[in-house]
Every structure is written in C-alpha cells, then in structure tokens.
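Let the hints inform the model, and build the full structure from the sequences given.
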Amino acid sequence: MTVDQAAPAGAAPPRAERPVAPRTPVSPTAGPRTGPELVPVVPVSAGHRSAPRWLRRAVVPVFLLALWQVLSASGALESDILASPGSIARTAWTLVSDGTLPSAMFVSLQRVAVGLVIGVLAGVLLALASGLSRLGEDLVDPVVQMLRSVPWVGVIPLFIIWLGIGEAPKIALISLGVAFHLYLNVYAGIRGVDAQLVEAGTSLGLGRWGLIRHVVLPGALPGALTGLRYSLATAWLALVFGEQVNADDGLGFLMNQAREFFRTDVIVVCLVVYAALGLLADFIVRTLERLLLQWRPTFTGR
Amino acid sequence: MATDVHRPVTETVTGPAPEAARVLDGAAVRVRGLGRAFGGRAVIDGLRLDVAPGEFVALLGRSGCGKSTLLRVLAGLDREVEGQVLVPRRKAVAFQAPRLMPWKRVWRNVLLGLPGRPERGLAERALAEVGLGHRADAWPKTLSGGEAQRASLARALVREPDLLLLDEPFGALDALTRIKAQKLVAELWQERGCAVLLVTHDVDEALLLADRALVMENGVIAYENEIDLPRPRDIADPRFADLRAQLLDRLGVEGVHSAVGQ
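Chains as they are written, first to last, in my numbering: chain A, 1 to 302; chain B, 1 to 262.
Just so you know, these hints were derived from the structure itself, not from any lab. One should not assume that every hint holds.
Claimed, not checked - As a list, the in silico EDC-like pairs of lysine to aspartate or glutamate whose alpha-carbon atoms are at most 20 Å apart:
no.: 1; chain 1: B; residue 1: 141; chain 2: B; residue 2: 124
no.: 2; chain 1: B; residue 1: 141; chain 2: A; residue 2: 194
no.: 3; chain 1: B; residue 1: 104; chain 2: A; residue 2: 194
In structure tokens form, the structure reads like this:
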C-alpha cells in the first residue's frame, strides 16, 4: 500500500501519472544477519595534493596580463586602443613623480570627502526624523521614496543649470547619491529593531530618550554601516560621473585630457586609482564594522 | 505608606475605589474586574487577583488562556485594559527569552534603565548572586542559554523589586539547566522576600516553587490551590503527586491519575 492510495479521496487529487511501485519489504528470513558493506571515510588531507588556493586563483589574471603584454609587444594591440601593461606602469610612475597624479587625487578626494559629509549628515538626519517619529515618517518618507525612483545620475543637467560647472554640481551629485543610500539603510535599521528588546527596555524603566539611545540606535548601527558602505561605493561612482562634466582638475580632468590625446595609458592609470581608492574606502568601513559590531552574533571578523 | 508603593496601571478605575485603599495594606498585587480584549475577543474578563507581599504565586493555564497577557498587564507593558490594577512601583520582569541587549556587555545590561549613574560594582554583586560574577565583561552572544537567563534574572533583581514577574523564564532551558535555575530562583526569593508571580505551564515547576498555584481559564482565575508542602520540596512526596494530579485535572489533562498513582 502506498501513500497515494491511502490518501482520502476528497483530499488533494493524487498525481495519477506517478507510477505506483509496490514497496518490497526486506524479508526477515534472509538468512544469517550480515552487516552492511563498510567504506572508509577518507580524510581530506589524504586526497591528491593540489597547488595552493592563492596560486590557482592568480593563474588566470597573470595569464591575461601576460597575453595583453604579448599582444601589445607584437603590435596586434595598438597603444591608441589600449596601452601595454609595461607602458602603463611607466606612465603611472611618471605621473606620480611629477606630482600630476597626487594633486589630481587630492582634488578628487576632497570632492568625495565634502560630498560624503554633506550626504551622510542629510541622510542620517532624515532617517532619524522618519525612523523615530510617526510625524517625521509621514512628512519625510513619501518624499524620499518618490525622489528615490529618479536615477540620480540623470539630474546632472539640472545641477549644471542650477549650480554652474564648478565644484558645486559635483559635490551635490555625490551628496545626493550618498544621502539616499544612507537614508534607506538607517531608516530600515531603526524600524528593524527587535520589538521584544524595546519592550524589555520599557520594562527596565527606560524612557523615550533612553530607549532611543540604548536600544534603537545601537540596533540600527549594523544597517547604518551597510548603508555607509553602499554610500562610499556610490560616492566614487558619482565622482566619476561628476568629473566627466567640465572638470579642470582632478582625476576626471586627467582622464578627459588623456582622451583628447588618445593616451590610453593615462586613462588606465586613472581607472586603477579609482579602483584602489574604492578598495581603500571599503577597507575603512570594514575596520569600522570590526570595531563597532563586535557584539553581533554573526560577527566573524576576529 | 502602602499607597506610596502602589500605583494604578490604568486610569480607568472602576468599582469601589475608596474601599480599595484600606485593603491595600498587606497586598503586593491587587486586581479587580480586569478586562483585556484583542479585536473584540475578551482574553481577560472580570479577573480578580490578590498577591500578598513576599508570596510566591504560580500562574498556570492552557496555552492562549491569557496568563502571559495578565503578566504583561501587571508589568505595565499592556495598558489597554479595563478595571483596577494596583502593582508596586518597584517591579521587574524576566521574560522567556533573556532579552539582553546584544550590544551591551553583561554588566551594562544589568544596570540598564536604573536611575542615576549606578556603579559597576552593583552589577557585579547582582551577577555574583546568580553565579555569573566572572562573566560581567562578556558579550551576551557568548553566554549559554542558562547563563543568559541568569543574567536576565540579575538584571531584574538589581532593581530590588517588590514584585518579580517571571514569564516562563525556564521554558527554553534544557532539563538539567532548568532544575538548577529553579533552585536558584527559590533561593533568591527566600533571600529577597519579594512577591513573585511565575507564569508557567509546567505543573511540577509550580509545585516546587510556589506558595499558591492559580489556574487561569476563560479569562479569570478559575481555580487556586494552596501548596503547603514543606520546603525544600520533594517530587517523590505522595502529597506532591496528589496536588499534581489535581492541578493536571484542572488543566484538562486526562488519564494522568493512574500514571501518577503508581
């Protein structure tokens, strides 16, 4: 008897196509009881030795780099299309030693820093306003959610009309991208705080401000740091977009200038710098998380 | 004065209020005509309850009978009620889940919500009382279930409550840890002398710890039983088995008489 046949007729209709195979019970009269066949559990270390993981992972990038160099050297890849790794490295050294790259980086970093500060302040303040009070939520959240659906890169033309082509539109663009990410994550963090902990705090005699300080804000911190990480990534993206527009200094200017002269080596150097700065920003947030979120049960940073 | 340490949970006091003030001497909890409805369905309906100072009361009942709701009302966490509820100003709650703030070290959790700037030594003494003196600096995530529950108990006791409300505090512990925790609560109660209301669905636990067992049914205290067994109590005591059979019967568990009788 199978389950299908045993099911009451009125219940879910049985899938008729399924072949109904009768179960063959193990006969108790199968003779003397012999144990099952035993198979050894082979320890992982006893398996075949392979190259270390990092070496395996490095193989393809190194191969591609070598291929790139070979193609460039053989003339198959012209430097107008893409400069060779060797010449890129030489250019990088020249740009660093003559001070062009450091000063451009300084200008760009300054833009990111100012935009980030403004964006973080705006995002966090708005999130606190709408996360901590119903009134704030009703006033702030619908507006932010509506504006969120506008792609922030698309407002560059408006910013240029409003703010000209100086520093202001670049910083505004960075602030805008940062503020949205931070707002959404901090707001979600505040609203995601465990209601049971809030209740426990109430039963311990915490007032409204005590609850915010000891329960709600620490509970929202993981979300806030996630938001900060996204924000930093967005800040770099906004910087790249912003600097494509009429910059007369900074990394974007360096790239635009290089484009005019088909200097693909300079463009690649700038891309590498963008990537490195992005990694640095991520490292900073990770360090912050390690310091501030030691208490998290899921924390595995140490 | 007795009225100083009592305050109504709700403003809507019905019933003979002037008379109430006189009866207050010698009561840690006084509830008259309490009602609490969820979406039109009355979970508590005309409930009456008195707990004497220093009395250990266990509140039993089938799941969903409103016993946890009653505890939340007494804790002041649920104020959408009708009727008269008088509880001590100093009360503390320990929940089924320890509900420690994960972002605060254990000793800071213990002191959380105390007025003024309490010093660390206060937390350490409370933790030592529950046998956790060495874990004051730990993060809650590193505590075992039993340790976290003891920390939660220390957090309740450091408030020196006149009424301790325990909401199935041992429910999530394994059997061995539960026995230890029950013993600890019995000891602490005898030292502190505060009134305790223990919500549980473990009849043995009620019989081991309480002076009086209440059974909640249809929104009221439907049945109560004095447990005048000498302490420390012994599960093997025949009177213990007798009381257990009575309570289980009240709770609607059939067919245990014979099992217990043997």
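Hints that the structure is at odds with (numbers, increasing): none
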